[in-house]
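Please take these sequences and the hints and turn them into a complete structure.
Quick mapping for you: the protein sequence lines, in order, are chains A and B.
According to the numbering used here, the first sequence is numbered sequentially starting from 1.
According to the numbering used here, the second sequence is numbered sequentially starting from 1.
Treat the hints as calculated values from the structure; they're not laboratory data.
Heads up, a few of these hints could be off.
Quick list of in silico lysine to aspartate or glutamate cross-link-like pairs, EDC-like style, CA-CA up to 16 Å [as the list claims (entries may be wrong)]:
1. K120(A) <-> E131(A)
2. K80(A) <-> D69(B)
3. K135(B) <-> D8(B)
4. K39(A) <-> D69(B)
5. K39(A) <-> D90(A)
6. K80(A) <-> E102(A)
In this text, all values refer to a predicted model and were calculated from it rather than measured experimentally.
What follows is each chain in one-letter form.
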Amino acid sequence: MAISFDNALGIHQSALGVRVERAEIIANNLANADTPGFKARDIDFRAVLNQESEKYSSVKLDKTNHGHLDGLLSPDEGLKFRNPHQPGIDGNTVETQVEHSEYMQNAMRYQATFQFLNSKFKGLTGAIKGE
Amino acid sequence: MSLGNVFDIAGTGMMAQSLRLNTTASNIANAEAVSSSIDETYRARHVVFAQLHNQEMGYVRDDVTVNEDIGNGVQVLGVVESDAPLDARYNPDHPMADDQGYVYYPNVNVVEEMANMISASRSYQTNVDIMSTAKTMMQQVLTLGQ
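Laid out in structure tokens, this is it:
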């Protein structure tokens, strides 16, 4: 019986990927904190994670040609604009303190997911060694 | 996994902010640089920021699907000179005075420049924070399974 890493690691590997993606989006918001007209964006973590985990489990559209597009399973995925509390006069909606706290929160949750993943691996190693 | 992109994005932010700090330094240094003609007088310089996009719109990373362009940081489109009127002062005794006795001072608003400087240095700091957090995240990945 072979070990299936997909089953063993569960949702955590997808979660780690989505956390990285979100870190990138928030970093982009903060880099554009002084760009006129820039709109802050973010993802709905739950929606994107659902979409990611559905990739492995549920039905999906068959792609018989590399030009075929991915079917959208849930319409709620992707980037969304943030609702600013105090938009700038120049049309910029980045609120540095909000973005910064989101970024830190994201990093902490990344760490939590990482701990889960790490202990999964430790469990597997233990099983292989028979300890 | 593309944590390297966070470094790139924060890097563009740091570069743009340091350029802004550079123009501010130049403006303040030249705030009192007088001239005897309108054409030769120093004018306040400001950077223009714009969002930096990925090459293709809707570019999809292979591991995680966010179906839109999440952007690649910030870019500096260019440096523009301020159109504000110059400060012409009547001072016939000045060695640089023109025929009518006027000397021209740059249109640098020092108060505005100071505010600009603080904003640029704070934004720079934020980008450094982002980078160091991303570094911690990356170092964690390296310890996976240990």
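Results for each hint:
no.: 1; hint: K120(A) <-> E131(A); in the structure: holds (15 Å)
no.: 2; hint: K80(A) <-> D69(B); in the structure: holds (11 Å)
no.: 3; hint: K135(B) <-> D8(B); in the structure: holds (12 Å)
no.: 4; hint: K39(A) <-> D69(B); in the structure: holds (13 Å)
no.: 5; hint: K39(A) <-> D90(A); in the structure: holds (11 Å)
no.: 6; hint: K80(A) <-> E102(A); in the structure: holds (15 Å)
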